[in-house]
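Spelled out from the first residue to the last, the chains are:
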Amino acid sequence: MMKTLVWVEHDNASLKDATLAAVTAAGKLGEVHLLVAGKGCASVGEQAAKIAGVAKVHVVDDAAYEHGLAENVAPLIVDLMGHHDAFVAPATTTGKNIAPRVAALLDVMQISDILSVESEDTFTRPIYAGNAIATVKSSDAKKVITVRGTAFDKAATEGGSAAIEQVSATGDKGLSSFVGAEIAKNERPELTSARIIVSGGRALKDSETFQQYIIPLADKLGAAVGASRAAVDAGYVPNDYQVGQTGKIVAPEVYIAVGISGAIQHLAGMKDSKTIIAINKDEDAPIFQVADIGLVGDLFKIVPELTGKL
Amino acid sequence: MKILVPVKRVIDYNVKPRVKMDGTGVDLANVKMSMNPFDEIAVEEAIRLKEKGVATEIIAISIGEAKAQETLRTALAMGADRAILITSETEVEPLGVAKLLAKVVEEEQPGLVILGKQAIDDDSNQTGQMLAALTGRPQGTFASKVELEGDSVNVTREVDGGLETVKLALPAIVTTDLRLNEPRYASLPNIMKAKSKPMAQKTPADYGVDITARLSTLKVSEPPKREAGIKVADVDELVGKLKALGVA
Numbered sequence: 004m005m006k007t008l009v010w011v012e013h014d015n016a017s018l019k020d021a022t023l024a025a026v027t028a029a030g031k032l033g034e035v036h037l038l039v040a041g042k043g044c045a046s047v048g049e050q051a052a053k054i055a056g057v058a059k060v061h062v063v064d065d066a067a068y069e070h071g072l073a074e075n076v077a078p079l080i081v082d083l084m085g086h087h088d089a090f091v092a093p094a095t096t097t098g099k100n101i102a103p104r105v106a107a108l109l110d111v112m113q114i115s116d117i118l119s120v121e122s123e124d125t126f127t128r129p130i131y132a133g134n135a136i137a138t139v140k141s142s143d144a145k146k147v148i149t150v151r152g153t154a155f156d157k158a159a160t161e162g163g164s165a166a167i168e169q170v171s172a173t174g175d176k177g178l179s180s181f182v183g184a185e186i187a188k189n190e191r192p193e194l195t196s197a198r199i200i201v202s203g204g205r206a207l208k209d210s211e212t213f214q215q216y217i218i219p220l221a222d223k224l225g226a227a228v229g230a231s232r233a234a235v236d237a238g239y240v241p242n243d244y245q246v247g248q249t250g251k252i253v254a255p256e257v258y259i260a261v262g263i264s265g266a267i268q269h270l271a272g273m274k275d276s277k278t279i280i281a282i283n284k285d286e287d288a289p290i291f292q293v294a295d296i297g298l299v300g301d302l303f304k305i306v307p308e309l310t311g312k313l
Numbered sequence: 030m031k032i033l034v035p036v037k038r039v040i041d042y043n044v045k046p047r048v049k050m051d052g053t054g055v056d057l058a059n060v061k062m063s064m065n066p067f068d069e070i071a072v073e074e075a076i077r078l079k080e081k082g083v084a085t086e087i088i089a090i091s092i093g094e095a096k097a098q099e100t101l102r103t104a105l106a107m108g109a110d111r112a113i114l115i116t117s118e119t120e121v122e123p124l125g126v127a128k129l130l131a132k133v134v135e136e137e138q139p140g141l142v143i144l145g146k147q148a149i150d151d152d153s154n155q156t157g158q159m160l161a162a163l164t165g166r167p168q169g170t171f172a173s174k175v176e177l178e179g180d181s182v183n184v185t186r187e188v189d190g191g192l193e194t195v196k197l198a199l200p201a202i203v204t205t206d207l208r209l210n211e212p213r214y215a216s217l218p219n220i221m222k223a224k225s226k227p228m229a230q231k232t233p234a235d236y237g238v239d240i241t242a243r244l245s246t247l248k249v250s251e252p253p254k255r256e257a258g259i260k261v262a263d264v265d266e267l268v269g270k271l272k273a274l275g276v277a
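Chains as they are written, first to last, in our numbering: chain V, 4 to 313; chain U, 30 to 277.
Bound-form chain V, shown alone (with noise of 0.2 Å):
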């Protein structure tokens, strides 16, 4: 049976929700151990051991790993891999981030972004943007592995008892050193996780418009709120709200694209949504071809008597 190391994504004081899918992905392979590196993340290595299917956690505890540095969290992975046979890291910008490194470091291929295991050589994903499904086998000894964390159910949060082993750091490699983060404040559910999304596009006009139409809409549906690129790139709002390629890749139950035309780049990050609806007032929008309702309007008069309505 394999034994696979996956990757807890936390802030050092809870454990981020990516990682449960990345557990549920993992468990398809065998044996599953977590590591939570950071820097006074005891409490996250306790919520690590209690989620369902987890055979143990490894907790290592040093400056080193409090930002989660590629250049120090790598050797450490490489370590661990010398008892693992396969490293799984969601598809965050984290696991993105680390991921390639520990796979160059061990010399094998990394699989990005997986959307299933047929096997435990074989999976799936997307390419080209989501407009075709590869399968791939990869011949390494060792996986390193990706998981789209809308492609698989969340393990369980409760339930597991899993045995804690602290691990020895392997050091500051000196090569890089974390300077400072801005992170955009949002009251609103997380864009990846949440259940509703509401998103606005370039017929918003101006960031003064999208707050005053997309914001109460999205409140009232307690839905967070999205984004086109067209909408980010003219400075309507911060670019961690952008679904797509190149953003964020989302799955809600319900997606409300209003505004939004539907480029190839944008379709790739939300047409694996459960329903999709598009307000537009072009009724040849791309968008249209993907969603399961769609009204066609000005946006500035629908949407106020939406939110009105509901």
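Keeping only pairs whose Cα atoms sit at most 27 Å apart, straight-line, the calculated DSSO-like set for lysine-lysine is: (1) U:LYS31 <-> U:LYS224; (2) V:LYS145 <-> V:LYS176; (3) V:LYS19 <-> V:LYS53; (4) V:LYS223 <-> U:LYS272; (5) V:LYS312 <-> U:LYS260; (6) U:LYS260 <-> V:LYS208; (7) V:LYS157 <-> V:LYS188; (8) V:LYS312 <-> V:LYS223; (9) V:LYS277 <-> U:LYS45; (10) U:LYS270 <-> V:LYS284; (11) U:LYS270 <-> V:LYS223; (12) U:LYS248 <-> V:LYS31; (13) V:LYS277 <-> U:LYS248; (14) V:LYS19 <-> V:LYS31; (15) U:LYS174 <-> V:LYS188; (16) V:LYS59 <-> V:LYS19; (17) U:LYS132 <-> U:LYS231; (18) V:LYS304 <-> V:LYS284; (19) V:LYS140 <-> U:LYS49.
If you're looking for bench data, these hints aren't it; they were derived computationally from the structure.
Got chain V; can you put chain U on it based on the hints?
Relative to chain V, chain U alone:
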């Protein structure tokens, strides 16, 4: 300081790719090809660093079939000084590309290598990180700002929650995100001038790198099609649908 910029020839981002009927891949015959958009941003950043007097020389490099030289000419027309083409008739995986680039890094000793964060064909997002690992250099991935400061570089990165800044000791590897800059168009005189800029032709064997693929593609298929939707006439009908979905 030299800057090395790897560029990839890919299907143009405006083209909707078609899966081949036999499931062996995506049909690239007679399809418009261009420079990977993230690589254009990488070339642009290198040129801006040269314009600021930080960079002395920009070397563009591409690995792939002979036609990749068109992509290199584009980089030269934008402002790169010379180019290296490593030809391979078979597709080279990110690990193989990173190994070839590591050899070139060893030879050229660039202070910075700037790559795109991912290629829009295989969507791997691996090459830059792998190159950093193989050369033992620090990595600044998904960069939206690059500021050189003596013997280090501050890279602002686009991360899931917002932005993060890291300081990397030079030499370093940077991968570009979309918002790093707006790439320039090559002017006609510069396109003409690019034709006489030097382009070295190499093969993977010249570097002694084994590029045997580790992954084999068993099948490429169309993503599941969505069933045709309906159009509603007004807001009341839409509210009814939302209620039926249990979200309102």
